[in-house]
Amino acid sequence: MNNEIDEESFESRSRLQKSFFARDAEIVAKELLGKVLVRKINNKLLKARIVETEAYYDENDPASRACKNGDLKNTMKMNAGTILVYGVHNNWLINFVTGKKGEAAAVLIRAVEPLNFDGKGNGPGLLTKSLAIDKSFHKKHIFDNQGYLDLRKDKENLDHEIVESFRIGVKKDLPKKLRFYIKGNKFISRK
DNA sequence: AGGAAGATCTACT
DNA sequence: GTAGATCTTCCTA
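In the working numbering, the protein residues as written are 70 to 260.
No wet-lab data here; the hints were simulated from the structure. Just so it is clear, CB atoms sit at the ideal spot from N, CA and C, and this is done for glycine as well. Hints may contain errors.
In the DMTMM-like style, the derived pairs of lysine to aspartate or glutamate whose C-alpha atoms are separated by at most 20 Å in a straight line are [as the list claims (entries may be wrong)]:
no.	residue 1	residue 2
1	K104	D213
2	K113	E182
3	K224	E182
4	K245	E95
5	K169	D213
6	K204	D219
7	K116	D228
8	K169	E95
9	K260	E182
10	K209	D140
11	K104	E233
12	K116	D187
13	K170	D93
14	K104	D187
15	K255	E225
16	K209	E172
17	K208	D127
18	K99	E225
Derived CB-CB ranges, DEER-like [to be verified]:
no.	residue 1	residue 2	range
19	R82	N214	14 to 22 Å
20	G139	K169	14 to 22 Å
21	S234	D93	17 to 25 Å
22	I96	P131	15 to 23 Å
23	E230	D203	29 to 37 Å
24	G156	F235	17 to 25 Å
25	R82	D242	33 to 41 Å
26	N143	K113	31 to 39 Å
27	I96	D213	16 to 24 Å
Generate coordinates for the entire structure from the input sequences, incorporating the hints supplied.
Shown next as structure tokens:
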């Protein structure tokens, strides 16, 4: 695909729908694998394929920020597709709100594969640094942030096998595997 | 106003 | 494998 018209045509066909996010966090987490995060900076597009995600739920999930009252819990109840950014140990972590409005759920992006730029993607704090994602995206919607951050289907329909594991770095996990990554990908954060 | 915990990362041994 | 950096967020008072 090497002319502008094909590129434009693909771009418009490759948008995700709102209904994509309005489902259970586990489903969204799995289906986000292989999708492409697009970050626009000074009219340049940085593209990165999502290769690792985790699902988080409401106050019944001991690892979730929704266990504490406050802005993060409230944000997790917002419209599906809302961007949620929060800080841990001097790193910004990016999530997408999923499910029904009023119910707390989100998917954390844990690792990406840089497609057209140099930078690290193999960790939730590293990928936000590489893509210059910070708190300014918090509570913006993925479909309504002037294109500075977007999410697309991949051009190539790459087959991949999904591996499930328990979540990383959480003190108390649920008895269910809620971390998902693309088998064999070199950019996953940990084995 | 102050403190503790944390969905992390890096560097060192 | 372990320790320390470093700062946002939430809780307590």
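Results of checking the hints against the structure:
Between K104 and D213 the CA atoms are separated by roughly 18 Å; this keeps the pair inside 20 Å, and the hint holds. Distance hint between K113 and E182 is fulfilled; the C-alpha atoms sit about 18 Å from each other, no more than 20 Å. Under the criterion of a C-alpha separation no larger than 20 Å, the hint pairing K224 with E182 is consistent with the structure, at around 15 Å. A distance of roughly 10 Å separates the Cα atoms of K245 and E95; the hinted pair therefore holds under the 20 Å criterion.
Taking the CA atoms of K169 and D213, the gap is about 19 Å. The hint holds against a cut of 20 Å. For the suggested pair K204 and D219, the alpha carbons sit about 16 Å apart, so the restraint of at most 20 Å is met. For the suggested pair K116 and D228, the alpha carbons sit about 19 Å apart, so the restraint of at most 20 Å is met. Simply put, K169 and E95 have alpha-carbon atoms about 13 Å apart, close enough for the 20 Å limit, and the pair holds.
With a CA separation close to 16 Å, the supplied pair K260 and E182 stays within the 20 Å bound. Annotation: proposed proximity of K209 to D140 holds, straight-line Cα distance about 14 Å (limit 20 Å). A distance of roughly 18 Å separates the Cα atoms of K104 and E233; the hinted pair therefore holds under the 20 Å criterion. Straight-line distance between C-alpha atoms of K116 and D187 comes to about 10 Å, which keeps the hinted pair within the 20 Å bound.
Using a Cα cut-off of 20 Å, the hinted pair K170 and D93 holds, with the two alpha carbons roughly 12 Å apart. Taken as a hint, the K104 and D187 pair is honoured in the structure, with Cα atoms around 19 Å apart against an allowance of 20 Å. At roughly 18 Å between alpha-carbon atoms, K255 and E225 fall within 20 Å of each other, so this suggested pair holds. Distance restraint check for K209 and E172: the Cα-Cα separation of roughly 18 Å lies within the 20 Å cut-off, and the hinted pair is therefore satisfied.
Using a Cα cut-off of 20 Å, the hinted pair K208 and D127 holds, with the two alpha carbons roughly 18 Å apart. Restraint check: the Cα-Cα separation between K99 and E225 comes to about 18 Å, which is no more than 20 Å; the hinted pair holds. Roughly 20 Å separates the CB atoms of R82 and N214, a value that falls within the hinted 14 to 22 Å. Separation of G139 from K169 is about 20 Å and conforms to the stated range, judged on CB atoms against 14 to 22 Å.
Between S234 and D93 the C-beta distance comes to about 18 Å, which sits within the given range of 17 to 25 Å. At roughly 21 Å, the beta carbons of I96 and P131 sit within the given window of 15 to 23 Å. Under the hint 29 to 37 Å, the C-beta atoms of E230 and D203, about 33 Å apart, fit the expected range. Taking 17 to 25 Å as the suggested C-beta distance range, the pair G156 and F235 conforms, at roughly 23 Å.
With their beta carbons about 38 Å apart, R82 and D242 fall inside the hinted range of 33 to 41 Å. Checked against the hint of 31 to 39 Å, the C-beta distance between N143 and K113 comes to roughly 34 Å, which is consistent with it. For the pair I96 and D213, the supplied restraint of 16 to 24 Å holds, since their beta-carbon distance comes to about 23 Å.
Every hint, counting from the list given before, is met by this structure.
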